[in-house]
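Full structure from sequences and hints, please.
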Amino acid sequence: MAKKSFAAKIRNEYSQLLVPLVALALIILFNLFRDPGFFSISLAKNNLGNTVLQGNLISTLNGASELAILAMGMTLVTAACGGQDISVGAVAAIAGSVFVKVLRGSAGVTPLTVALGILGGIVVAMLFASFSGTLVAVFKIQPMIATLILYTCGRSIAYWINGGATPTVESPIINSIGSFIPGIPIPTPILIVIVVGILFSLLFRFTNLRLYTQTVGINQGAARLNGINSVGIKLLSFVLLGGCCAIAGVIGVSRLGLINHETLLLDVEMDAILSVAIGGNLLGGGKFKMSGSILGAYAIQALTITLYAMKVPSTDIKAYKAIVIILIVAMGSPVVKEQMNRLWKKLAGKGSAAKFRREAA
Amino acid sequence: MENGVVLSMRNISKSFPGVKALQNVDFTLRKGEIHALMGENGAGKSTLIKVITGVYPRDAGQCFVEGIDGDVVIHSPEEAQERGISTVYQEITLCPNLTVAENMYIGRGKYNFVKWKDMEKKAGALLDSLNIPARPKQQLGSCSLAVQQMVAIARAVDTDCKVLILDEPTSSLDDKEVAMLFKLMRDLKARGVGILFVTHFLEQVYEVCDRITVLRNGELVGEYEIEKLPQVELVAKMMGKELEGLSEIKSSDKAVDSGTPVYQAQGLSSSDAKPFDFKIARGEVNGFTGLLGSGRSESVRAIFGADRVTGGHVTVEGKPVKINKPFDAMKHGIGYLPEDRKRDGIIADLSVRDNIILALQVMKGFFKPFSAAEKEKFADEYIKALDIKTASADTPIKSLSGGNQQKVILARWLLTHPNYLILDEPTRGIDIGTKTEIQRLVLKLADDGVSVTFISSEIEEMLRTCSRLIVMRDRNIVGELRGGQLTQDQVMRTIAGGAE
Chain A
1 MAKKSFAAKI RNEYSQLLVP LVALALIILF NLFRDPGFFS ISLAKNNLGN TVLQGNLIST
61 LNGASELAIL AMGMTLVTAA CGGQDISVGA VAAIAGSVFV KVLRGSAGVT PLTVALGILG
121 GIVVAMLFAS FSGTLVAVFK IQPMIATLIL YTCGRSIAYW INGGATPTVE SPIINSIGSF
181 IPGIPIPTPI LIVIVVGILF SLLFRFTNLR LYTQTVGINQ GAARLNGINS VGIKLLSFVL
241 LGGCCAIAGV IGVSRLGLIN HETLLLDVEM DAILSVAIGG NLLGGGKFKM SGSILGAYAI
301 QALTITLYAM KVPSTDIKAY KAIVIILIVA MGSPVVKEQM NRLWKKLAGK GSAAKFRREA
361 A
Chain B
1 MENGVVLSMR NISKSFPGVK ALQNVDFTLR KGEIHALMGE NGAGKSTLIK VITGVYPRDA
61 GQCFVEGIDG DVVIHSPEEA QERGISTVYQ EITLCPNLTV AENMYIGRGK YNFVKWKDME
121 KKAGALLDSL NIPARPKQQL GSCSLAVQQM VAIARAVDTD CKVLILDEPT SSLDDKEVAM
181 LFKLMRDLKA RGVGILFVTH FLEQVYEVCD RITVLRNGEL VGEYEIEKLP QVELVAKMMG
241 KELEGLSEIK SSDKAVDSGT PVYQAQGLSS SDAKPFDFKI ARGEVNGFTG LLGSGRSESV
301 RAIFGADRVT GGHVTVEGKP VKINKPFDAM KHGIGYLPED RKRDGIIADL SVRDNIILAL
361 QVMKGFFKPF SAAEKEKFAD EYIKALDIKT ASADTPIKSL SGGNQQKVIL ARWLLTHPNY
421 LILDEPTRGI DIGTKTEIQR LVLKLADDGV SVTFISSEIE EMLRTCSRLI VMRDRNIVGE
481 LRGGQLTQDQ VMRTIAGGAE
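Quick note, the sequences are listed as chains A and B, same order. To convert, note that position 101 of the first sequence is 101 in my numbering; the numbers rise steadily by one, no gaps. To convert, note that position 482 of the second sequence is 482 in my numbering; the numbers rise steadily by one, no gaps.
Hints are all accurate, no fakes.
Here are the simulated DMTMM-like pairs of lysine to aspartate or glutamate, each with C-alpha atoms no more than 20 Å apart in a straight line: (1) K20/B to E458/B; (2) K337/A to D349/B; (3) K398/B to E338/A; (4) K289/A to D394/B; (5) K289/A to D349/B; (6) K140/A to D307/B.
It is worth saying that the hints were derived from the structure and are not from the lab. Bear in mind the structure is a predicted one, so any value in this text is a computation, not a measurement.
Structure below.
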C-alpha cells in the first residue's frame, strides 16, 4: 500500500514532465543519429582570451536562457490567470532600454551603475507588468487582450526611452553578462537561468505562492471563500513575470552590447507560451510545474539549433519548427494521453498477470 | 388515452451514475389546466421536464401525447416542439439585440427564406391576440424582463402548442410583472393549452394553478387538486413528512441565551440578503430553515462576508468588528462550509492534503508556509479523525466520493478551530452513514463550546441538531422557533405562513 501510494505520488507529480522530456530526448536522439559530432563539447579560447566551453549543446543551453526565464514567469501568469501575457518581448525591450539609458546617463560603466541599470530595468518592467496585471485582476479583462496593449505600444515606448535607433553600451562588465565571466567557462546567461530558477524555488519554499496561485487558478470563487486575495495573487504573478522580462532584456542587450528596440526578443512571447504548453501546463490555469516549462524552452531552442545545424535556410526554419511543434503538442494532447494510458495499463496488466502466474507456479 | 388529457407520462424512470433521478413517476397534464410541479432540490423536477422535452432519454416508462397513437419517443427539444410541447426556461434564452419579431421566428425551420414583412405582420397579430405589450419591430432588449419572458412564451405557443412548460418563469420578476405573466397564462389556458408550471413560490401556485404534482427524491408523492391541498400540507409533502404523526415534541434545552453572544448582527445586509438581525451563543446550534430560495443561504453568506456586505452592525464576542470579506470572518474565528461543494468548496485538482490545510494556511499567512511534515501531520490526523476514504493524502480531491469530499471541507474548517462554524447543507447528496456522522460531529462540536449554524433541506435533520430555528420565507425572517415549538408541524406551518 505504502509502496503503491509512493508510485502514485511519482505518477501524479512527474507524469506531466513526460512530454517535454520525451520531446527533448527525441530531438537529442535525432541528432545522435544525424551527427554524433553535434554533442562534442570542447574547451577553446575566445577572442577575449578566456578559456570557454563550446559546442552545440552549450549554445542550445545558452541561447535558450531568455526564453527559459520568460517561460518561468509565464507559467505563473498562466496558472493564476488562466491566460497568457503576449507583451513579454515588448516589456523586455522597455527594460533593456532603461538599462541602456541608465548606463549611458551615468559617468562610466562600473559594477554599481550596472547594478543600478538592472534594478531600474526591473522596477520599470514590473510597473508596466502591473499595469497589465491590474487590467486582468481588477478589471477582469482577458489576459491576451489586456497585454495586447503593451504588445502593440511597448516597442515604441522602448524607442522613446533612448530616442535613438540602436544606442550601444560597451564595457567588459556588459560583456561578462552577455557572454562569459573571465575564469568561468560556462556562458553567464546559463548561470543567470540557474540563479532565477533558484530564486523561484526559494519563493515556493518560503512562501505559499504555489498553493495560492494554484488555488486561484483552479477555483477563484473557492479561493476567496478561503480568504485568499485572488486579485493580489494575479497581480503578483504579473509583477514577477515583469521581473523575468527585465532580466531577459538585460541578457539580450548584453549579448550584443546594444539595444535594438525593434528586434530584441522579437516574437519571444509565442515561444514562451509554447514552452508553458509543452511543459504540460494547462493554459487554462490551475496546477503548474515550472520545471516543465523550462524543459519546454530548451526543447524549442534545441529544435532551432538542430535546424540551423542541418543547414536549413533561416527563411524555412519556422515552417519546419511548426511541423515538429505540431507533433509535440499532439503528443501532449488529452486524446493521445488517454490512448497512451490505455496502452500502458494493458502492458502493465499483462506484466502483472504474468508475474501472478509465475508466483502461482 | 383519457379524454381531455394532452400529455401523459407513465412509470418514468431515469438514472444517472450513482443517482436515481426519477423512479416510476407518473405525470398527467389535461387540456386547459395550469399544473404546478413542486418539489425541493433534487426532487427530480428538472429531470422530468428534460425527459418530457427529449433532452434526456428516459430509461423506462411511456409517454403519450394527444393526437398521436401509441408510445411517443422524443429525441430532442426540436422534436418536442414539432409534437406540440414547448418550453420556456428560467433564463431568457432569446437574443436581446434582435427585434421582437425576429426573436419569435428566427431559427424556425420553415423560415429559411425570411419574408420580413410577413414575419412582422404575423408577430404583430400574435402579440395582439395575446395582449403582450410589445411591438414586432422593437428591440427585445428594450422590453422589460416580464415582456421578454412573454415574448418567449409567444414564440413557444405560436406553433400548434398543446403543452407549454414554464420553468421558474417568475424568479426574476416583480409583483406587477408576475401579474402580467399570470394573465397571459390564464389566456392560454382558456385556449386549451396545458401548462406545466414550475416555481418555488408557494403563493403563486395557489394563485394560478389548478393541480399540483409533488415529487420528492425522484419519486412521485402524488397529484392533488389545489382546493384539496392546503399550503401547509403541500410543504409537508415536499419535505417528506405527513402531518399526522408529527406530534412528537422534541424538548431541547440546548439553547444558551445568557452571556455575550459569540456572534451578533444587527441589520446585516448584503448584495443578496435583505437586512436581518441574528445572534448565536457559545455552544449553541441553530439553524436557518425555509424553502429553496427563501434566503437562508444568502443570510449565512452575509455573515461570512461571502457576498458584498452592504450594511449592518456586527459584534464578535461583544466587540464591534467589520466583516467585509471571508478573510475578515476567518480572523474572527468564523468558518463557513458552502452550500455548493463543487463550485465553492473543493479545489478540484489539488490534493486532499492541500484541501485540508488551505484555510489554516491562509490564516497563518502567505510568508509562513507549513513544512511538508506539518502538512502531512494535519492531513493524516483529520483523514483519520473523520474517517475520510481516500487512497492517500496526495490523491486529488476530485476523485473522492461526494461524502468524502464534504468531509475534507469539514476537516479544513475544523483544523482552523473556529469559534463559530457555519454549515450550509453539509449533508446534501451524501450517504446516510456520513450524514449521521456529520450530525454527531456537529453536536460534539457544540459540547466543546463551538457555536454552529446548520442549514439543511431536511427538516428532520435540523430538528435533531438545532436548539433554535430561524424560519425564512421570501427572503425575510418570518419566525424563530425554540424549545417546545421545535416540531415539524410548527416549522412547516411557519414556512407556509400559518404561524401566529
